[in-house]
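**Q** Top to bottom, those sequences are chains A and B.
For reference, each letter of the first sequence is one residue, going 2 to 202 in my numbering.
For reference, each letter of the second sequence is one residue, going 2 to 249 in my numbering.
Treat the hints with care, since some could be wrong.
Claimed, not checked - If you anchor each label on the Cβ, the simulated ranges turn out as follows:
id : chain 1 : residue 1 : chain 2 : residue 2 : range
1  : A       : Ala-10    : B       : Gly-118   : 47 to 53 angstroms
2  : B       : Arg-23    : A       : Glu-15    : 30 to 36 angstroms
3  : B       : Ala-164   : A       : Asp-98    : 55 to 61 angstroms
4  : A       : Gly-31    : B       : Val-183   : 43 to 49 angstroms
5  : A       : Pro-124   : B       : Ser-219   : 31 to 37 angstroms
6  : A       : Gly-131   : B       : Gly-40    : 42 to 48 angstroms
7  : A       : Gly-130   : B       : Ala-70    : 47 to 53 angstroms
8  : A       : Asp-140   : B       : Asp-82    : 24 to 30 angstroms
9  : B       : Asp-230   : A       : Asn-47    : 31 to 37 angstroms
10 : B       : Thr-191   : A       : Ser-63    : 43 to 49 angstroms
11 : B       : Asp-230   : A       : Ala-10    : 45 to 51 angstroms
12 : A       : Val-59    : B       : Gln-169   : 51 to 57 angstroms
13 : B       : Gly-118   : A       : Pro-71    : 46 to 52 angstroms
14 : A       : Pro-71    : B       : Ser-39    : 48 to 54 angstroms
Claimed, not checked - Rough simulated footprint, nothing fancy, chain A against chain B, three-plus residues with beta-carbon under 8 angstroms:
id : segment
15 : 27 to 39
16 : 59 to 65
17 : 79 to 93
18 : 104 to 112
19 : 202 to 210
20 : 225 to 234
Unchecked claim - If you want a taste of the chain A side facing chain B, the calculated C-beta under 10 angstroms gives, among others:
id : residue
21 : Ala-10
22 : Phe-181
23 : Tyr-187
Simulated from the structure, these hints should not be mistaken for lab results.
Every residue, glycine too, gets a C-beta built ideally from N, C-alpha and C.
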Amino acid sequence: MSFVSRGFARRRREAPPGRLPPGQYDVGDGFPVLSAGPTPRTSLANWDFRVQGQVDEVRRWSWAEFQGLPRESISVDVHCVTSWSKFDTRWEGVSVDTLLADVVTAAEFAVAFSDGGYTANLPLADLTGGQAWVVDTYDGQPLEPEHGGPARLLVPHLYLWKSAKWVRGLVLTLDDEPGFWETFGYHNYGDPWREQRYAGD
Amino acid sequence: MAGTAIRRRLSWQRAEVLALHRETRRAWRLSLRPPDWSGHLPGQHVDVRLTAADGYTAQRSYSIASAPAEPGIELVVERLDDGEVSPYLTDVLREGDLLELRGPIGGYFVWPTATAGPVQLIAGGSGVAPFLSMLGHHRATGHPRPVRLLYSARTVDDVIGRAELEHQPATVKVHVTLTREVPAGWTGLTGRVDAALLAAHTVSPAQAPHLLVCGPTSFVETVASALMDLGHDPGRVKTERFGATGGP
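Looking at chain B on its own, in the form it has when it is part of the complex (with noise of 0.2 angstroms):
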């Protein structure tokens, strides 16, 4: 898959920010510019670098969120108060700077092409960054493949992508479960996600879907189990996780 593509060097380049969007109360959308870009795989993702004036750096992973058939890339950033990139992206930085970035990386946790057959996606929190890419890409193709993303949010505040996550295919069927607080009138799920909620949810292991989880560690640990103990075939079941601190 797309080994020639990722087979060669990644060198940093210098992407101008064309647009930065506050999406929800803790997350960011970032329109950049690369100016070499030769196209991603849906799930993919970059490092981006900060350089201090003193020459120190930091260098952290986000999934590109955007399909790439778009101009540019976009980023889903989650700020960290305690964190040391995120909230530079989110504070400081400012359209028409210049952020160090490679990629496209990971040629793994990305959208199936070799085989058909349904597509389940489950997202926990800024997990959802990629899906958001997959789904734009799915819906720009027009495939006939039936897709389906359960999505965990605190709040419905949280939610990202909530405009383009309520605009999807006749193929495509989203689910949204609120843990915190849920609105008068809301007629989505609520609770974390379960054994229970899995099996009412997402596509039966009848069907063979391919499965893609997304989240933080311990998220994406309660899902992928509860999936196996569901009778999902582990090989199809492809993860990718937020450390609690050592995430982007």
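Next up, chain A with everything else stripped away, as it sits in the complex (with noise of 0.2 angstroms):
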């Protein structure tokens, strides 16, 4: 079944051992922007973040609210289902495991919602446990609105559709309830060591 393509030959510079997964490559300094409509407009005076769904009591922080949590820097390769990677991205901001810290709940699945209608579905169980962060710094800066600023979603050991952009809270749910991106034909789960692009993958 081997099939090789005549005369082609490998061009982009080797990758560290285990650093990049089946068939991305490594993007370098260069940091490409996806998404599916335009970049939203929120004012930080309006913007929430907010845990909801199946839960004891909903929870929500203001800007400033979310400004005065326990903050956590983070140096993460990231991988994007259209194959590229790059390494050693540096961001801060609130560990999800903060966020649900006191939150009482039977849910074993969550949707991030952002501004502008994105969701993306995720097990509660890969949003905990250290993987997973609301971040709204990017290099030491305040997140671009491009790379979703104010805040994104950051889950870096999942295809980066999964990391929503101008994220706005979480809903936790019982049941798994396919995202954006998931009722398009991309895969549930998104993992890319596992090369989970597409559904069937």
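Two chains, each in its own frame: build the complex with the hints.
**A** Here's what the structure looks like:
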């Protein structure tokens, strides 16, 4: 079954061992932008972050309250389903563990929702245990709107479409409910190391 | 929308290269015959995968430029000099070669069918590719809905699909604007797409058009923002972007 593209050879530099998932390439210093619609405009005065759905009580933080939460610095590799990966990206924000700390829930899933109507679904277990953050800073600077500012979700162990830009909250759910790209044929889970790009992968 | 069609597993297949045409200075058109193809929606793309003798693979996404009713599929490939996949497709690939691909992919940035109303397409550079598929589909179906394309190209020699853009039905209006060089006798638009050009040459918000914007990131960002300033509903603006270094 092995197929070779006649005359094709690698042109990009080799990535450090174990860093590049299958089918990905190292984009280097670039940081491509991909999104499905216009960049939303939300003033920080109107911004809040909510945890709702199957919860004992809805949690809500204004921008100022969110800024007062314990912060973490994160340096991670990120992987986009369109095949670029970017190494050692540096972010700052609040761990989802912090946001869910006192929440009583029977939920096993979550849907992240964003300004502009975007959603992404994830198992709750992938958002906890130091695996996910709501970040507002990239490379020491406020996160630019085209990269998801004022704040985006960061779940680096899954393809980047799960790291919802312009995130405004999480809906905790008992059942898994597909998000935006997941309803358009993209993989429900999106593990780059298993190359789960599209439904059925 | 076509939920069943895009839910089936996408398997890699080897398409025969039927033809390669240099379309402009930097863009080539590939005609391909995938052995197992159940059709596509105008606006969908394919993933192309190249495999080296040592097993190394590289894959990229390319929009389908041909209409669903045409046999096979056509892709438009812009040659990026420092790229890995596009120079292979434009310089090395030959008629009769096999090219691995899978698709069609994507059910979002597609021709709107659920509702009627005018459609406004806005393209920057090779971002016109999915719109060529949409216009071909529109022409083939003979639908009366009005369609407009505003297409920004560097020079007249960079206009992809020039011949077919000049032969559109009465329902379609095409505006090309040139941003770098303007030849003598050019009667089209000139200059970059900005709020003034959009206000003058695109469907107004009052007509509630579907808007599809495709091109490089900076182009899409500028256009989408200007469309919101003009009063278009952000929910009716769909975008597809090619990153500066992440695109095809």
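**Q** Hints first: check each against the structure and report whether it holds.
**A** Each hint tested on the structure:
One distance hint, 47 to 53 angstroms for the beta-carbon pair Ala-10/A and Gly-118/B, holds here, with the actual separation near 49 angstroms. Range check, Arg-23/B to Glu-15/A: about 32 angstroms between beta-carbon atoms, so the 30 to 36 angstroms window is met. A hinted range of 55 to 61 angstroms for the beta carbons of Ala-164/B and Asp-98/A is consistent with their spacing of about 59 angstroms. One distance hint, 43 to 49 angstroms for the beta-carbon pair Gly-31/A and Val-183/B, is violated here, with the actual separation near 31 angstroms.
Between Pro-124/A and Ser-219/B the beta carbons are some 36 angstroms apart, a value that agrees with the proposed interval 31 to 37 angstroms. Range check, Gly-131/A to Gly-40/B: about 45 angstroms between beta-carbon atoms, so the 42 to 48 angstroms window is met. Our hint of 47 to 53 angstroms for Gly-130/A and Ala-70/B holds, since their Cβ atoms are close to 51 angstroms apart. Taking 24 to 30 angstroms as the suggested C-beta distance range, the pair Asp-140/A and Asp-82/B conforms, at roughly 27 angstroms.
Asp-230/B and Asn-47/A have their C-beta atoms about 19 angstroms apart, which leaves the hinted 31 to 37 angstroms range violated. Between Thr-191/B and Ser-63/A the beta carbons are some 47 angstroms apart, a value that agrees with the proposed interval 43 to 49 angstroms. Between Asp-230/B and Ala-10/A the CB atoms are about 47 angstroms apart, so this pair conforms to the stated range of 45 to 51 angstroms. Remark: the range hint 51 to 57 angstroms for Val-59/A to Gln-169/B is upheld by a beta-carbon distance near 52 angstroms.
Between Gly-118/B and Pro-71/A the beta carbon distance is about 49 angstroms. The supplied range of 46 to 52 angstroms therefore holds. About 52 angstroms separates the C-beta atoms of Pro-71/A and Ser-39/B, a value consistent with the hinted range of 48 to 54 angstroms. Restraint check on the segment 27 to 39 of chain B versus chain A: 0 residues with Cβ-Cβ distances below 8 angstroms, three needed, restraint violated. Requiring three or more residues with a Cβ within less than 8 angstroms of a Cβ of chain A, the coverage given for the segment 59 to 65 of chain B holds, as 4 such residues are present.
Beta-carbon proximity to chain A at under 8 angstroms applies to 5 residues in the segment 79 to 93 of chain B; the threshold of 3 is reached and the given coverage holds. Evaluation of the coverage hint for the segment 104 to 112 of chain B: fulfilled, as 5 residues show C-beta separations to chain A shorter than 8 angstroms, against a requirement of three. A stretch counts as covered by a chain when three or more of its residues have a beta carbon under 8 angstroms from one of that chain; for the segment 202 to 210 of chain B and chain A the count is 0, and the coverage is violated. Here the segment 225 to 234 of chain B counts 4 residues with a CB under 8 angstroms from a CB of chain A, which clears the bar of 3, and the coverage holds.
Contact between Ala-10/A and chain B, as hinted, is supported at the beta carbon level, the nearest pair being about 5 angstroms apart and thus within 10 angstroms. Evaluation of the Phe-181/A hint against chain B yields a held restraint, the C-beta minimum of about 8 angstroms falling below 10 angstroms. Interface hint status for Tyr-187/A: upheld, as the beta-carbon distance to the closest one in chain B is roughly 9 angstroms, under 10 angstroms.
Going down the numbered hints, you'll see the structure goes against 4, 9, 15 and 19, while the others check out.
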